[in-house]
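Visitor: Now for the letters of each chain:
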Amino acid sequence: EAEVAQSPRYKITEKSQAVAFWCDPISGHATLYWYRQILGQGPELLVQFQDESVVDDSQLPKDRFSAERLKGVDSTLKIQPAELGDSAMYLCASSLGGARAGELFFGEGSRLTVL
Amino acid sequence: SQQGEEDPQALSIQEGENATMNCSYKTSINNLQWYRQNSGRGLVHLILIRSNEREKHSGRLRVTLDTSKKSSSLLITASRAADTASYFCATDLDYKLSFGAGTTVTVRA
Chain A
1 EAEVAQSPRY
11 KITEKSQAVA
21 FWCDPISGHA
31 TLYWYRQILG
41 QGPELLVQFQ
51 DESVVDDSQL
61 PKDRFSAERL
71 KGVDSTLKIQ
81 PAELGDSAMY
91 LCASSLGGAR
101 AGELFFGEGS
111 RLTVL
Chain B
1001 SQQGEEDPQA
1011 LSIQEGENAT
1021 MNCSYKTSIN
1031 NLQWYRQNSG
1041 RGLVHLILIR
1051 SNEREKHSGR
1061 LRVTLDTSKK
1071 SSSLLITASR
1081 AADTASYFCA
1091 TDLDYKLSFG
1101 AGTTVTVRA
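These protein sequence lines map, in sequence, to chains A and B.
Each residue of the first sequence is one higher than the one before, starting from 1 at the first, in the working numbering.
Each residue of the second sequence is one higher than the one before, starting from 1001 at the first, in the working numbering.
Hints are not guaranteed to be accurate.
Claimed, not checked - Some chain A residues near chain B, calculated using beta-carbon distances under 8 Å:
| id | residue |
| --- | --- |
| 1 | L39 |
| 2 | P43 |
| 3 | S53 |
| 4 | V54 |
| 5 | V55 |
| 6 | P61 |
| 7 | E108 |
Read the hints as simulated data drawn from the structure, not as lab findings.
Glycine included, C-beta positions come from ideal geometry on N, C-alpha and C.
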C-alpha cells in the first residue's frame, strides 16, 4: 500500500541550529501539506502546495521557516534558526487534490526537540 | 487558529461500550472529516461527510452532521482496546483542512 514517507523520524537539535525535514508523498498526489502539531493539540497547517506552487503559507513563520517542492513531487521543510518553541511533531500529508480537500494521507511525522 | 472544537477533551470507557464525541465549528463548510491518531503516529482518515449529508456509516463508525447547528458527532460502537487513540474532526473550507484539538479516547480492557 502506498504511503507518505517522512524523514527523519526523530530530530534533536540545539536552538539556533538549522533543521530540515523531507517528505515524499504518494505518487500522483498533486497536493502536499506540512502541518505542525504541538503535544496535546491538533495539527496546524503551515504550508500547502498544489504541484510545485504554494497555495497557502499564511501560517508559516517566514522569518525562520521555508518550504519547497521544486519538481512538484517531494518536499523539504527547513527551520533556521530553530527556537525552543519549535519543538513539535511535523506532519506531511498528501491528497489527490481538486476542488475540495478530500481525504488526506499522512506520514508518520518527524518529531523535533529543540534544546 | 483551529476552526473545530471537540468535546469532550478526554473519554474513558470499558471495552464493548460505545464512545461518542462531538465537534463544533464556526463557519460554513464544504465537508467534515474525522481522523484517528495513535500515540506518536501520523493521522489516519476515518470518514468524510459532505455538507449535504446528514449521516454516514463505516463499519463500527457512525457520523452525523447538523449544518444548522454547525456540529458533528462521531460514534464508535462496541469499542475495542485498539480504538484507544486521539480523534480529530477537520473542516474543509476553501480547499483548506483545519483540525480541532481532538478527543483522547481510552478503552479499558
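Visitor: Is the interface hint for S53 of chain A satisfied, with its Cβ closer than 8 Å to some Cβ of chain B?
Guide: violated (13 Å)
Visitor: Would you check whether L39 of chain A satisfies its interface hint, that is, whether its CB is within less than 8 Å of any CB in chain B?
Guide: Interface hint status for L39 of chain A: violated (10 Å vs cutoff 8 Å).
Visitor: Was the hint right that V54 of chain A lines chain B, CB cutoff 8 Å?
Guide: Violated, about 13 Å.
Visitor: Min Cβ distance, P61 of chain A to chain B: is it shorter than 8 Å?
Guide: At about 15 Å, which exceeds the 8 Å cut-off, the nearest Cβ of chain B leaves the hint on P61 of chain A violated.
Visitor: Tell me if P43 of chain A is really an interface residue toward chain B, meaning its C-beta lies closer than 8 Å to one of theirs.
Guide: holds (5 Å)
Visitor: Measuring from the C-beta of V55 of chain A to each C-beta in chain B, is the shortest one below 8 Å?
Guide: Where the cut-off is 8 Å and the nearest Cβ of chain B is about 7 Å from V55 of chain A, the hint holds.
Visitor: Verify the interface restraint on E108 of chain A: the C-beta must sit less than 8 Å from at least one C-beta of chain B.
Guide: holds (5 Å)
The structure fails hints 1, 3, 4, 6 (numbered hints given earlier, in ascending order).
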